[in-house]
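These protein sequence lines map, in sequence, to chains A and B. Using the working numbering, read the first sequence as starting at 655 and increasing by one per residue. Using the working numbering, read the second sequence as starting at 655 and increasing by one per residue.
Watch out, some of these pointers could steer you wrong.
Every beta carbon over 10 Å from chain A, so not counted as near; a handful from chain B, in silico [to be verified]: (1) Arg712; (2) Met720; (3) Asp784; (4) Gly910; (5) His922; (6) Gly1009; (7) Asp1012; (8) Leu1018; (9) Asp1021; (10) Trp1089; (11) Asp1130; (12) Asn1143; (13) Leu1144; (14) Gln1175; (15) Pro1177; (16) Glu1201.
Computed beta-carbon distance windows for the label pairs [said to hold, decoys possible]: (17) B:Asp1021 / A:Gly969: 37 to 45 Å; (18) B:Gly849 / A:Arg907: 57 to 65 Å; (19) A:Leu680 / B:Tyr780: 31 to 39 Å; (20) A:Thr794 / B:Pro1111: 43 to 51 Å; (21) A:Gly969 / B:Gly1009: 53 to 61 Å; (22) A:Arg908 / B:Gly849: 52 to 60 Å; (23) A:Leu680 / B:Arg1088: 52 to 60 Å; (24) B:Gly849 / A:Asp1021: 55 to 63 Å; (25) B:Gly753 / A:Arg1003: 50 to 58 Å.
These are calculated hints, taken from the structure and not from any lab test. For glycine and all other residues, C-beta sits at the position ideal for the given N, C-alpha and C.
Protein chains: 2
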Amino acid sequence: MPDLRLALAQADTCVGDLVGNARLVLDAVAAAAAGGARLVALPEMTLAGYPVEDLALRAAFRDDAMAAVDALARDLADAGHGDVTVVVGTIGTTNTPDGPRPTNRAVALREGRVVATYDKRHLPTYGVFDEARIFEPGTTTTVLDVDGHRVGLLVCEDLWRADGPVAELADADLDLLLVLNGSPYEEGKDPERLGHARRAAATVGAPVAYVNQVGGQDDLVLEGGSFVLDVSGQVVARSPQFEPDLLVHDVPRRGGTLARGRVAPPLHPDEEVYRACVAGLAGYVRKNGFRSVVLGLSGGIDSALVAVMAADAIGGENVVGISMPSSYSSQHSKDDAADLARRIGADYRVQPIGGTVDAFERDLPLDGVAAENLQARVRGMILMSLSNAEGHLTLATGNKSELAVGYSTVYGDAVGGYAPLKDVLKSRVWALARWRDDHALDHGKIPPIPESSITKPPSAELRPGQVDQDSLPPYDRLDSVLEDYVGRNLGHDALLAAGHDPATIELVLRLVDRAEWKRRQYPPGPKVTAVAFGRDRRLPVTSRRREASAPIPTTTSKEQP
Amino acid sequence: MPDLRLALAQADTCVGDLVGNARLVLDAVAAAAAGGARLVALPEMTLAGYPVEDLALRAAFRDDAMAAVDALARDLADAGHGDVTVVVGTIGTTNTPDGPRPTNRAVALREGRVVATYDKRHLPTYGVFDEARIFEPGTTTTVLDVDGHRVGLLVCEDLWRADGPVAELADADLDLLLVLNGSPYEEGKDPERLGHARRAAATVGAPVAYVNQVGGQDDLVLEGGSFVLDVSGQVVARSPQFEPDLLVHDVPRRGGTLARGRVAPPLHPDEEVYRACVAGLAGYVRKNGFRSVVLGLSGGIDSALVAVMAADAIGGENVVGISMPSSYSSQHSKDDAADLARRIGADYRVQPIGGTVDAFERDLPLDGVAAENLQARVRGMILMSLSNAEGHLTLATGNKSELAVGYSTVYGDAVGGYAPLKDVLKSRVWALARWRDDHALDHGKIPPIPESSITKPPSAELRPGQVDQDSLPPYDRLDSVLEDYVGRNLGHDALLAAGHDPATIELVLRLVDRAEWKRRQYPPGPKVTAVAFGRDRRLPVTSRRREASAPIPTTTSKEQP
């Protein structure tokens, strides 16, 4: 029996777009069939998009998805690909004592109809995932016959668990284990993913083919990186991350040896995070029908990096950068902003805030933090006015460190529809900026970010001589506590035991806890770490829990903001 | 054997406040023991607070909660109540193959120690609930002996399901089924709750004692309304809703007859929703350490109702109402705002926006929606400036109809820390205002809301002669579609079949879908319906699903806002 030519189509689907997603399948199958593929696989929930959230609970959507599967099967046959087996993800429906419930389903299409189905068994309900909320788990395994090859089907989380379908398929005499995935990017996840794939390959005694979705969807970046792994655990073929791809590979019968094919090299860690942010931003802009973005350019590192990410995502000519100087803005900040805009080819404008601030304060004099926030809010108003008038998506330029400790003005610098650095700590912002400039140099281009934006001390420039470290610990120390408190959920004593400075712990924990209300109103941004703010970390705003060594107070004071 | 004197202590706990919540238990037990109670029960997760969300996943918090249980048992004995059996909720820990995991636990305390534990079996993972995410389910039933009476323990959702512990306790020869609850208010939920309690009473052949938490917690209002129900399904004792209470009742041995005790009468539906909003607001203000609120008073019905709710929650003298007129503001609007403030005794101030708007537009001329939004944003800036300068919590005054269709300005009238009408449709806003004024008249008081605020056509007054119905269908028609689309998740065809006007359906669905991004940045507010915006309804921002009869577009345009 000949080898089975397999194609993994790493598609950039869109949630809810049954018609557009079906077209992606048709295009992928046409390309794969032209290359002789007999089995074409697409990601988890291909047709419905992923994560579909509570759309799954709408019967009308499930009915339309069901009809879309049948239409796709017919369209594939009509296009002359009826003899190719196509495995796609979709939303299914199953009957339960409580009525019809959705399932996370894989269907195999051939000769114009559905020839096999499989409902995901393990429903992740942790981190960003809410699948037990919206899906009913499957109860069986499915083995598909493709030209005499026995192909076991799994969906995503099924692969991550040793019990359930992997164990049940151990004696199924498989030639291939095929896994459909919608796996969001987070830094450092890949070794764990490969580890599970290796364990499963060993359990079932067959290669594993892993096809993953790619592209931005709200706060997630589906990372792609589809692969084929032989029974010994060797990756023999791999798609790149963060871009659509079609990975074609021949798989022999059980016990045969897989050739080595195209294997995309791993990215440098900074490049990986940078590209994840760009993919998230590009997906949000395109899928929501925007063509351009607007952001404030302060001359600082955060706005510079966001502007360059935006230029990489949608082209510098679609980036509108606004310098909004006050009397506290330094000349070098204004120069750096203009320089950056020139380097990336942005539409650069200057819109001073002094007139509005003065007029406001004539009616309502302010000082201290209120006066600082006012400046930030006038800037937010300028950005939103330009967004309203010209149709740009507003980008918030804040980073994860600021969001963690509430070092930003709600309705001020926090305005926007998307926040590319939402999950990037300040220390990493510098590293990504350095990487991006070095990457330009390596390719003989002009580094987009002015050197002085990277090297100068960070400042909000809301009062004379202000720098961030007037209010915050040095960023390396701050970020290190944040990694352990937010990222690892350590309490006070565990943070002490981990060697953090006691005073820094006290300050940072207090600031993080009381900024929860601000985070709730912050725009979405791409998850790139194990614990992003948002649905990854669901904490009450109203809470008297204080992770501090001092006695737990029974009343607390929380000012706005 | 004598009857068992039972006390249900409907407490207003606070999430994370282990010390304060333990004090509530000590106080309740002292009062109950003074009345001769032998069994005192408090709500689900008494010590940790509810819903505790991802705090449950922090080991340091679980350890402290465990220590708090032991300390409470000792404190109860030290206070001379060692012979009373006290059942409280707390967070437990259980070992699993994946490591320690939290449980939603009830513990019985007596003679200074824990004498029984029960871990909740059914973990709700729908609507606002995420319990499968944070808890491991229990696997056993628990029957407690109190002075020879056999008392079965359940926690909340366990009562709502016929399978599991209720079925397993059928032959346990119980004298009483005791249920600890953290059940959020939603209108119309009570008959369903009582139905489940009646079914359970019949199954186990014993009365049901149901103790519920009370008070506001972020977007939930725990509603109280604790009750004792005899085996025939008759409610023989009941606490009021929305306030702490201690309900003492004697329960005979199995087969005995329960006397009728104090039964709080049901509230009028409008009073119930009104009080739920006030309880939510009062809880948010107090538990977050605020003493006062600030809001804009436009003279319209929404801000008038919110101001009166705030006055009822924290006293009119703690309400700061700001009139922020523009050249489009009518004299009657300004008069109505001043009149309302006088009636409730608010701190009333006038802060015109014209100077700031003009200064802004000198630098950046705007027209159309951008100019309208500018006015709303200057008002938002005034409110946040006063919040920053004086420490008030800012209240957003928008209602659910506006939030649904995006008829509000993000960072403008949407600013604030809490939104009391977030889950109240505009039609209901009028009804609540009418009820509140009638209620005042019934009690010989001056109606707080000026009649003209209730009767005049709603207008944002952002351009000359503007009324809401320039942009929106009449509110009764709009709200009726929203009830079916948002509340019942019906698709387009089902809405047509339900008799809604086709053009209204098309318009409303399009507006609702494209306003999702605005809702994400809106402050929390009290859930009062079956489906509130927020964690009750989790839909992607990025989605091409369109519930419309027109073909599904493959690209969409989404402007801000």
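Right, here's what the structure says about each hint:
For Arg712 of chain B, the requirement that its beta carbon stay farther than 10 Å from each beta carbon of chain A is not met, with the minimum near 5 Å. Every C-beta of chain A lies more than 10 Å from that of Met720 of chain B, the closest at about 13 Å, which supports listing it as non-interface. For Asp784 of chain B, the non-interface assignment is contradicted: its Cβ lies about 7 Å from the closest Cβ of chain A, within the 10 Å cut-off. The Cβ of Gly910 of chain B sits about 35 Å from the closest Cβ of chain A, beyond the 10 Å cut-off, so the non-interface label holds.
The Cβ of His922 of chain B lies farther than 10 Å from every Cβ of chain A, with a closest approach of about 28 Å, so its non-interface assignment holds. Not every CB of chain A lies more than 10 Å from the CB of Gly1009 of chain B, the least distance being 5 Å, so the non-interface label is violated. Not every CB of chain A lies more than 10 Å from the CB of Asp1012 of chain B, the least distance being 7 Å, so the non-interface label is violated. Against chain A, the non-interface label of Leu1018 of chain B is violated: not every CB pair exceeds 10 Å, the least being about 6 Å.
At roughly 8 Å, the least C-beta separation between Asp1021 of chain B and chain A is not larger than 10 Å, which violates its mark as non-interface. Taking the minimum C-beta to C-beta distance to chain A, about 27 Å, the non-interface status of Trp1089 of chain B holds against the 10 Å cut. With a least CB separation of 24 Å from chain A, Asp1130 of chain B remains clear of the 10 Å interface cut-off, as annotated. At roughly 5 Å, the least C-beta separation between Asn1143 of chain B and chain A is not larger than 10 Å, which violates its mark as non-interface.
Once the 10 Å rule is applied to beta carbons, Leu1144 of chain B is inconsistent with being away from chain A; the minimum gap is 7 Å. Listed as a non-interface residue, Gln1175 of chain B fails to keep its Cβ farther than 10 Å from every Cβ of chain A; the least gap is roughly 5 Å. For Pro1177 of chain B, the requirement that its beta carbon stay farther than 10 Å from each beta carbon of chain A is not met, with the minimum near 7 Å. Against chain A, the non-interface label of Glu1201 of chain B is violated: not every CB pair exceeds 10 Å, the least being about 7 Å.
Range check, Asp1021 of chain B to Gly969 of chain A: Cβ separation about 28 Å, and the 37 to 45 Å hint is violated. The hint said 57 to 65 Å for the Cβ distance between Gly849 of chain B and Arg907 of chain A, and at roughly 59 Å that hint holds. A C-beta distance of roughly 36 Å is found between Leu680 of chain A and Tyr780 of chain B, which places it inside the suggested range of 31 to 39 Å. Taken as a hint, the range 43 to 51 Å is violated for the pair Thr794 of chain A and Pro1111 of chain B, whose Cβ atoms sit roughly 60 Å apart.
Here the CB-CB span from Gly969 of chain A to Gly1009 of chain B is close to 40 Å, at odds with the stated 53 to 61 Å. Evaluation of the 52 to 60 Å hint for Arg908 of chain A and Gly849 of chain B yields a pass: the beta carbon distance comes to about 56 Å. With their beta carbons about 58 Å apart, Leu680 of chain A and Arg1088 of chain B fall inside the hinted range of 52 to 60 Å. Checked against the hint of 55 to 63 Å, the C-beta distance between Gly849 of chain B and Asp1021 of chain A comes to roughly 59 Å, which is consistent with it.
Judged by the Cβ atoms, the range 50 to 58 Å given for Gly753 of chain B and Arg1003 of chain A holds: they are separated by roughly 54 Å.
Violated hints, in rising order: 1, 3, 6, 7, 8, 9, 12, 13, 14, 15, 16, 17, 20 and 21; the structure is consistent with all others.
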